[in-house]
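Engineer: So the chains spell out like this:
Number of protein chains: 2
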Amino acid sequence: MKVSFLGLGVMGYPMAGHLQRAGHDVTVYNRTEAKAKAWAGEYGGSHRPTPATAVEGSEIVFCCVGNDDDLRQVLAGKDGAFQGMGKGAILADHTTVSAEVTRELAALAAQKGLGYLDAPVSGGQAGAVNGKLTVMVGGDPQTFAKAEPLMQSYGRAVTLMGPVGNGQLTKMVNQICIAGLVQGLSEALNFAAKAGLDGNKVIEVISKGAAQSWQMENRGTTMLEGKFDFGFAVDWMRKDLAICLDEARRNGAPLPVTAIVDQFYQRVQERGGKRWDTSSLIQLLANP
Amino acid sequence: MKVSFLGLGVMGYPMAGHLQRAGHDVTVYNRTEAKAKAWAGEYGGSHRPTPATAVEGSEIVFCCVGNDDDLRQVLAGKDGAFQGMGKGAILADHTTVSAEVTRELAALAAQKGLGYLDAPVSGGQAGAVNGKLTVMVGGDPQTFAKAEPLMQSYGRAVTLMGPVGNGQLTKMVNQICIAGLVQGLSEALNFAAKAGLDGNKVIEVISKGAAQSWQMENRGTTMLEGKFDFGFAVDWMRKDLAICLDEARRNGAPLPVTAIVDQFYQRVQERGGKRWDTSSLIQLLANP
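Chains as they are written, first to last, in the working numbering: chain U, 495 to 782; chain B, 495 to 782.
Keep in mind that the hints were calculated from the coordinates and are not lab data.
The reader is advised that the hints may include incorrect statements.
The list makes no distinction among identical chains, and a pair is therefore deemed to hold if it is satisfied within one copy or across any two copies.
[As the list claims (entries may be wrong)] Each computed DSS-like pair below joins lysine-lysine, with the alpha-carbon atoms no more than 30 Å apart:
#1 K721 to K702
#2 K626 to K702
#3 K626 to K733
#4 K733 to K702
#5 K702 to K768
Sequences are here, hints too, so could you generate the full structure?
Structural biologist: This is the structure in structure tokens:
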């Protein structure tokens, strides 16, 4: 199938590669064109200098950029994708953005006779490289049915969560869980260290019971070692938490601990931890 | 082996039963004697009206009571276990108490020529009934080696965590993890409901990734349904968190979110939720 991919960051680059390797005819666009050239050199697809030209003739246009403003620009801005897409084509957005901008752009797409799916992912860079992302999709079932087989090329679990916006809202639930959980784990592991316990032995024992979590099993040891130079960066987490807190103002859900943890992440940023993994919250406790 | 078990609450009753069924000669004591009679009727062991008489001739005395004061009373009080235990016998305490009282009673035991193990458990009533508890033990290796095979009769994982007190400290790490984690999960699932998402579908999707936890998998659905009439009670959790917060004052570990969650549990108690499961934190958010 002729498709396009807009945005070749740490996620988009390998995702677009999976589509090309799965036998699709992929044309890419990236703000920094050198990366688009490198991608075409590596995978053998095409590249174009603007979103509008990159999407010409494509049945589905995938997109993974930075934030709300980037997304508005690449879709609805000058030379944006919506200018080049043919009637009946589908825009599938993998960026984590607000439900608000999603509904705004989906309405604009509908006016132009385009389908729209919001499809944020989790699983990080490793999930994108290995084709094992969790994809949380919002949109109508017919549109989803067309895009879903292609998303399988980089997705381990691709699920329709309801109408447009529900993909983003599901991703927000995921991030809210992680905020409180990582803070609790940080307080616990720092307490273990202060109490003179063997932290790794503690993790081994308590990960068999009610305190168990993916974060404990995958980040516990590196947290104890103070290693944060990898994983999902604090800057990205704060972008996501801002979206969560903003949406909660609208729907009225109280987020007392999420709001505090967002403040803690601000302190991590101030300490130079903008690119540190989300698990770096423990650093504030270990070295207050 | 001739052993004793002091304290036949929801945990101790089945634990003592496992010991008797494993072929040991168990004598029990319980503050309310009727329950000790019922136990002996069910399992075929003996019972005595005081700790001091119940421990006579036993090589190992197990104990599982309520809190620091109960433990002091049953071990070092009038007609307490220490009065009846023979030199070289071992006291293995399964109560979750402070590391402080543990060290105090272990020192007293040493003066009397007795061995001492602190061995708090996790896994709840179901774990006790099914013999699948996690047992976190503090004490010296020789003493542990004698008691460990008997603990296996109700333990799925029995681990020596270091010297006396380290069992309790490990249990504290476990409870600190759970406090932050359950609050994060509560904020997330309540947000999902407010956002109009299908909460169970959200759990199914996000439990495959970085937000996954035992609590999400085992409590997520009941939290969405507002069912809390089971599990580890808020009263017990507050007892444990008081121990954690107190110990943290001594070792200097900051517990900002744990302290707030303890306050939230206080509000759950005030609402009549003293016996509700720990996952009832979501109730404060759903019905503020």
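Engineer: All hints, please: hold or fail.
Structural biologist: Consistency of the hints with the structure:
In this assembly of identical chains, the alpha carbons of K721 and K702 lie at most 30 Å apart whether taken from the same copy (24 Å) or from different copies (24 Å). Within a single copy, K626 and K702 get their C-alpha atoms as close as 25 Å, and across copies as close as 11 Å, so both meet the 30 Å cut-off. Taking identical chains as interchangeable, the C-alpha atoms of K626 and K733 lie at most 30 Å apart only when both belong to the same chain, with a minimum of 23 Å there against 42 Å between chains. Taking the shortest Cα distances, K733 and K702 sit within 30 Å of each other only across copies (22 Å), while inside one copy they are farther apart (33 Å).
Taking identical chains as interchangeable, the C-alpha atoms of K702 and K768 lie at most 30 Å apart only when they sit on different chains, with a minimum of 26 Å there against 32 Å within one chain.
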